[in-house]
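Once you have looked at the hints, place chain A on chain V.
Protein chains: 2
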Amino acid sequence: MTGQRLLYHTSFSPACRKIRCMMDEMELEFKLMEEPVWQQREEFMKINPSGEIPVLVDGNGLVLCGSYAVTEYLEEGYRVHSLLGDSLQLRAEVRRLIHWVDYKLLREVTQPLLHEKFFRQLLKAGQPDTVVIRRAKRMMEQHLEVFEALLSKQEWLAGDRFTLADISAAAHISLYDYLSDVNWKRGAPLTKWYALIKSRPSFRRVLKDRVRGVKPPEHYENPDF
Amino acid sequence: MTGQRLLYHTSFSPACRKIRCMMDEMELEFKLMEEPVWQQREEFMKINPSGEIPVLVDGNGLVLCGSYAVTEYLEEGYRVHSLLGDSLQLRAEVRRLIHWVDYKLLREVTQPLLHEKFFRQLLKAGQPDTVVIRRAKRMMEQHLEVFEALLSKQEWLAGDRFTLADISAAAHISLYDYLSDVNWKRGAPLTKWYALIKSRPSFRRVLKDRVRGVKPPEHYENPDF
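Chains as they are written, first to last, in my numbering: chain V, 700 to 924; chain A, 700 to 924.
Chain V with its partners taken away, still in its complex shape:
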């Protein structure tokens, strides 16, 4: 018996954005279920006791908790044209970069930035701390320079082809862009790379999300910016 594939997510989770793009690129259909993780809903905690997203409930009933389990499951269960690469070397580089963005970039930039500029308002937890925001934006600049160094010698982050490393990094950057925190006057190569990603149908769908109370800049969905 095969039911509907279901992804528990929130719009502002970079890991969820990554999985949505990944499944779209793999032409896997799925339904989205918005999960307010901060509420720790009892019903959701039964599905994933860690209370974290993304959680994928596949059509076969299998439950995948966390982006590590989801990513590798999709790769092992549905791989056609692999988004992780075909050689051990490329896969090593893709996974190095995924770990980089989903842990280092997350901790140093995404989490503090989202906390101050978005979750404080959502959770009515006081005014944004401008010191934390400034520090996160300085760190963001350092990370973007790392990506630019990679993109100055090759078309995509992990090499000459589009991989899950690009999706993962773009998922974070799209959130900074939603919050108007990226200076795109920096020009190529990062701007060119992000324009290419924004023009992919998988990514365009993610960019359609809107969060109440926060308006993205004019150029947010536009691949020519």
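These are calculated hints, taken from the structure and not from any lab test.
Treat identical chains as interchangeable: a pair holds within one or across any two.
Straight-line Cα separation of at most 27 angstroms, DSSO-like style, residue types lysine-lysine; simulated pairs:
{"no.": "1", "residue 1": "Lys836", "residue 2": "Lys803"}
{"no.": "2", "residue 1": "Lys745", "residue 2": "Lys836"}
{"no.": "3", "residue 1": "Lys836", "residue 2": "Lys914"}
{"no.": "4", "residue 1": "Lys816", "residue 2": "Lys803"}
{"no.": "5", "residue 1": "Lys884", "residue 2": "Lys816"}
{"no.": "6", "residue 1": "Lys907", "residue 2": "Lys836"}
{"no.": "7", "residue 1": "Lys907", "residue 2": "Lys823"}
{"no.": "8", "residue 1": "Lys730", "residue 2": "Lys914"}
{"no.": "9", "residue 1": "Lys852", "residue 2": "Lys745"}
Same frame as chain V, but now just chain A:
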């Protein structure tokens, strides 16, 4: 050309302990290189720009940065008897638990505990904060109860066979035990499970490590405790 396999590690990193056990279980030979990551040595930053361990330099010259890339590389490149499991279902559960311990347990227990009880001394950064230690130990109790719930219905954390989920969790617990922070009077099933892991040659080798200035309890290496 095949050179020596080299693992950059520190004794007090649970992710490094995991990879050491994993390679030992897979009967892969390797040399250990102690890397004082807090020094951010220029030479090491060239190998892994994120400055993090574990880093594996395989005999073929391939460099694997971070435990995600290392784990999946070992699985894909050297898999004989898989430590991640053979079915998609078991692999999903193993990866769910690895993510749990290497991120949730790490953040809520291992990092604060090691910071207060070990790194403060190492880096001459003041006295341990007893409030932080007490909170980390309360959280530890909650995590151990999660493991106990799993072990009350099956022999190993992910099911009926020993997997990398057991190695991953035991790697963290071995550090708490080194710091004398686990109450083993709790008895079965956690104590029985940990005794079985301690009796494995792969794990016994890890337990031989000593860190200057911190002495483990008498029972630390003893499988009958």
